[in-house]
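Asks: Residue numbers (this note's numbering), protein chains in the order written: chain A, 1 to 92; chain B, 1001 to 1375.
Certain hints may be false.
[What the hints assert, rightly or not] With a straight-line cut-off of 27 Å between C-alpha atoms, the simulated BS3-like cross-links for lysine-lysine are: (1) B:Lys1031 <-> A:Lys64; (2) B:Lys1178 <-> B:Lys1133; (3) B:Lys1014 <-> B:Lys1031; (4) B:Lys1014 <-> A:Lys57.
[To be verified] Stretches of chain A that chain B covers, calculated by requiring three or more beta carbons in the stretch to come under 8 Å of a beta carbon on chain B: (5) 4–17; (6) 24–35; (7) 42–48; (8) 83–89.
[To be verified] Between beta-carbon pairs, the in silico distance windows are: (9) B:Ala1029 <-> A:Asn14: 52 to 62 Å; (10) B:Arg1019 <-> A:Thr61: 15 to 25 Å; (11) A:Arg85 <-> B:Arg1211: 44 to 54 Å; (12) A:Glu71 <-> B:Ala1295: 38 to 48 Å.
Treat the hints as calculated values from the structure; they're not laboratory data.
Since this is a predicted model, take the numbers as computed values, not measurements.
Where is the CB? At the ideal position from N, CA and C, for every residue including glycine.
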Amino acid sequence: MCLGIPGEIVEILNDRPDLAMVAVSGVRRAINIGLLEDETVAPGDWILIHVGFALSKIDETEAKAALDFLESIGQAYDDEIAALRESMIEQG
Amino acid sequence: MRFVDEYRDAGTAKALAARITALCEPGRAYKFMEVCGGHTHTIYKHGLEDYLPEAVTLVHGPGCPVCVIPMGRVDDAIHIASQPDVIMTSFGDMMRVPGGNGSFLDAKARGADIRMVYSPLDALKIAKQNPSKRVVFMAIGFETTAPSTAMTVLRAKADGVDNFSVFCNHVTIIPAIKAILDSPDLRLDGFIGPGHVSTVIGCRPYRFIARDYGKPIVVAGFEPLDILQSVHQLLTQLAQGRCEVENQYARVVPWDGNPKALAAINEVMELRPHFEWRGLGFISQSALRMSAAYARHDAERIFRIPGGRVADPTSCQCGEVLKGVLKPWECKVFGTACTPETPIGTCMVSSEGACAAYYNFGRFSRERVKEATRQ
């Protein structure tokens, strides 16, 4: 729950500017980007995600290092990705 | 050394460890508290304590959101879940947390509709799909998760989802750190500051630690090297006679935090006069509740909450573990009566809890455990 997970923005949703489609460890889900302060995001940008919300924009190097680390911790990260896979955040 | 040796930057870590050793004043012992449960997880998983000189001890702090929820609040949530037409939702970590009358999983087995969600937005979605049900989100966590709850409530209000409410158990990190600093049980030399909480609150709120208590604090990232680097920064400050707030995790944590996230919290929630923390007791102004303007989405106003206090089982020493007074393996029931499968205390439930982290990884350092038990 407290893990910040890096995700790559795949698509900004035109009809819901507070949501973006994000790829996280092969899972593609809608993530809320409404908390990013004065930062515009575009496909290819990386964000740090907490429980469905992007809390900060990060660079690709940091994202890759964070992913390596998360993959190394095992169960806790697997559980988080499994929960994300079940997530159904979407428009509407 | 197993996990450290597996770590890709083992060479860098060893070099850093040597510099840490060189900074230790002969004959002096140092105790640093890592506030965040995520850091505790890294420390045990990567065997970082084996890397540090004997003079440096890492003490685990209260920054595990599931661990600090008192049993009475779990019972209150189960009471809400047992009301007619209620769907209770919460994060997976919450499901096995024991209350006085069992956990969410036990209540579910007795017929309550309790569902695990990844995000509060998922709970909102369930509310939209079930207009005849009252959907409650049991919100837990520090400032890392509070903005997500607040944003979800704002969305519920905007979309007119009146059957969605929040049972708010969000806590704030600064009063907990202050309670630990004021506790006579423990003398600390500095803090490894929480990384993701600081993404939201920034580094300024920690200044009182340096100013009023004369202790250094370094906000740290979650990789093994981040933690070793932070220990190095703490020791450097002490060696130079400085006490400051430093940000080792500046690549993610802005000095001023995330003002938009703070604004969302302030819009939807307000400080409670006091809140009970498991192990730490009542701490004033240390938790958030829904403000009156959002009463429609406040489970504490919608449902009658028993609000009973339940003492922890006498065998459980989570309180001492959360305050850093005891190491997990020093608890009487650690690994015997209390395991991740059948937890007695909260510290054994969440993967961020010190006991669960130590149970899962720390035991590989057998020699160290034996050493520690002998002391």
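Asks: Hint by hint, which ones does this structure get wrong, listed from lowest number up?
Replies: Structure breaks hints 1, 2, 4, 5 and 7.
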